[in-house]
Amino acid sequence: MNAAAARIGEDDLHAFLDGELSPERQAEVTAWLAANPDEAERLAAYRQQIADLHESYDAVAAEPLPPRLVAATQGRAMSGRKLLSAAAALVLLAAGFAGGWWSKDWLLDTSRQGVALAARGVSAHRVFTVEVRHPVEVAADQEAHLVKWLTKRLGARVRAPDLSAMGYRLVGGRLLAEAGTPAAQLMYESADGGRMTIYLRGNNSGEETAFRFVAAGDISAFYWLEESLAYAIVAELPRTELLTVAHEIYRQLEP
Amino acid sequence: MEVEVAVPAAQTDRLALRDLAAALAQLPDDQREMLLLVGLEGFSYREAARITGAPMGTVMSRLSRGRQRLRQVMDGEIAQLRRVK
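Chains A and B, in that order, give the protein sequences. Using the numbering used here, read the first sequence as starting at -14 and increasing by one per residue. Using the numbering used here, read the second sequence as starting at 332 and increasing by one per residue.
These are calculated hints, taken from the structure and not from any lab test. Hints should not be assumed to be uniformly reliable.
Said to hold, decoys possible - Listed below are several chain A residues computed to face chain B (Cβ distance under 8 Å; list not exhaustive): (1) E5; (2) I35; (3) H39.
Note that beta-carbon positions come from the ideal geometry of N, C-alpha and C, so glycine has one too.
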């Protein structure tokens, strides 16, 4: 064992695993591992962890890029793979930031449908709630037309819940595309200008889920899948406040 | 004679996924975040440091502790499942 190899430490092993070493150092670690089977075995276990992560979560990796990552990586080139895959961070990190029993519950949610739905709902919320002049395609003064139109496009009965008792008025809605199929967003606004959106799309997966919560930074969302439609309620509100509104929406939309 | 019990692939996959999710959920937030950024998302250490605002040394120590902890929890989980069965 030469002097350089003798200095191989914990950080080198992880850097080896993550492809962060120079070719020379990589070769030194490889040689060192051959002489240290216990450490090689431990490294193999870590390599398996990474493989398991991919196997479990790559399906949700094709989601839009979370703004936190956009901000962190602005001004530099990212590969297409990273741009795409960074999206999983939105849904996965969300649970991490928030902590608590519900995030554990959410992490245990193996419904890829629900996870993707929440991510798209949050993404659409971020994009359209900042619009001042064109927040919606069809305004609330044409509510009957809006509801009829979205119902036709989504292929399931769309309703705009009346949230005036909760302090929210309907601003209007818009048609969106989700991976080639129609989706929609209904936007509501409170007296102080706070906006809340309902993201919905048809659900023909046959899958139904309970009411679930996810938080991504300052944005919270409740989502659920029912027989014909899937919903995500999104707002920049703490969980408890959004819960009250979401429950009311859930109640009104119950089939 | 060896007797093998056939378990549908989809079922074992689902169990494995739940196992991993449950194990991840038991990790401290900063460690889980690092495992996902580097392990799943493929960000470099430098990128991960920039995203989380943590120094490089912290990125590496969180990775190290997170991977060690995940391994321990996963091993423990498997033992627990066997006991229950």
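How the hints compare with the structure:
1. E5: holds (6 Å)
2. I35: Because about 4 Å separates A:I35 from the closest Cβ in chain B, which is inside the 8 Å limit, the hint holds.
3. H39: A:H39 check passes; min Cβ-Cβ to chain B is 7 Å, inside 8 Å.
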